[in-house]
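Mapping of the sequence shown onto my numbering: residues 90 to 355, in sequence order.
Keep in mind the hints are simulated off the structure, nothing from the lab. Heads up, some of the hints might be wrong.
Stated by the list, open to error - Once the Cα atoms are required to be at most 30 Å apart in a straight line, the calculated DSSO-like pairs of lysine-lysine come out as: (1) 289 / 314; (2) 329 / 221; (3) 123 / 289; (4) 168 / 93; (5) 316 / 269.
Keep in mind it's a predicted model, so treat the numbers as computed, not measured.
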Amino acid sequence: MNAKVIVVTSGKGGVGKTTTTANIGAALARLGEKVVVIDVDVGLRNLDVVMGLESRVVFDLIDVIEGKCRLSQALIRDKRVETLYLLPASQTRDKEALNAEVFRAAVRQLIEEEGFDRVLIDSPAGIESGFKTAAAPAEGALVVVNPEVSSVRDADRIIGLLEAQQIREIRLVINRLRPKMVASGNMLSEADVLEILGVKPIGVIPEDEGILVSTNVGEPAVLGKTKAGTAFMDTARRLKGEDVPYPNLEENRGFIAMLRRLFGGA
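Construct the entire structure; sequences and hints are all you get.
Structure representation (structure tokens):
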């Protein structure tokens with residue numbers, strides 16, 4: 090992906106969007122980029138916890154938007170990966186405090202004045218004002234989808250909205266894939282998801298208990314040795330343009346007819 094500003098979104102909550110943001114951000118930083126991840130889920134704020142940086146939050150995104158601090162004051166550098174930074178969300182305000190135009194200007198400043206190679210924006214779930222504000226400065230998008238019907242259907246809606254906002258580089262991250270369930274016909278395969286959504290993949294992340302552990306201890310999985318951490322690192326390499334092969338999992342076609350009915354096909 091050529092996009093420097095990428096929104097990470099899903100439509101449906103609970104698919105692993107924040108975990109994806111933290112891990113791909115950390116992976117890109119390990120690969121030599123200067124990266125900032127921004128939490129735009131105002132009022133909830135989880136990205137700082139997933140990254141283990143919650144105790145270091147002094148200023149937040151809304152403080153920047155309202156001019157209470159400089160942008161550089163709100164940025165938190167991750168001591169484990171020195172080119173990785175976090176701009177946290179506010180936990181005490183609501184999404185109405187986030188102005189799209191001011192947010193767009195702040196993101197531009199991160200690229201042009203603070204020298205970041207990549208900005209990853211962790212979008213709130215849903216398709217309301219929070220999503221629209223998060224996507225406002227984006228040049229590209231990572232759509233996180235689980236291999237199950239409701240998640241795929243929500244992703245289809247989000248992809249349409251991203252295209253309507255003239256975001257051209259849209260890629261899928263298929264998260265929590267269980268190869269055994271795919272092989273038995275009880276879970277959508279990556280081929281099923283890609284055929285329905287018609288968007289190029291950039292990552293296939295297997296279900297991995299190590300993600301729960303890494304989230305609980307506040308350490309992105311790419312900093313350790315887990316199956317999911319390796320898959321996130323591969324995703325970041327593809328994002329940078331490397332030719333990294335995808336996992337070879339048995340294709341399951343079991344749900345295609347049902348999905349075609351759901352999405353209006355024959």
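The hints, checked one at a time:
A threshold of 30 Å between alpha carbons decides the hint, and for residue 289 with residue 314 the separation of about 27 Å falls inside it, so the pair holds. Distance restraint check for residue 329 and residue 221: the Cα-Cα separation of roughly 26 Å lies within the 30 Å cut-off, and the hinted pair is therefore satisfied. For the proposed pair residue 123 and residue 289, the alpha carbon gap of about 25 Å is at most 30 Å, so the pair holds. Annotation: proposed proximity of residue 168 to residue 93 holds, straight-line Cα distance about 23 Å (limit 30 Å).
Simply put, residue 316 and residue 269 have alpha-carbon atoms about 15 Å apart, close enough for the 30 Å limit, and the pair holds.
In this structure, none of the earlier numbered hints is contradicted; all agree with it.
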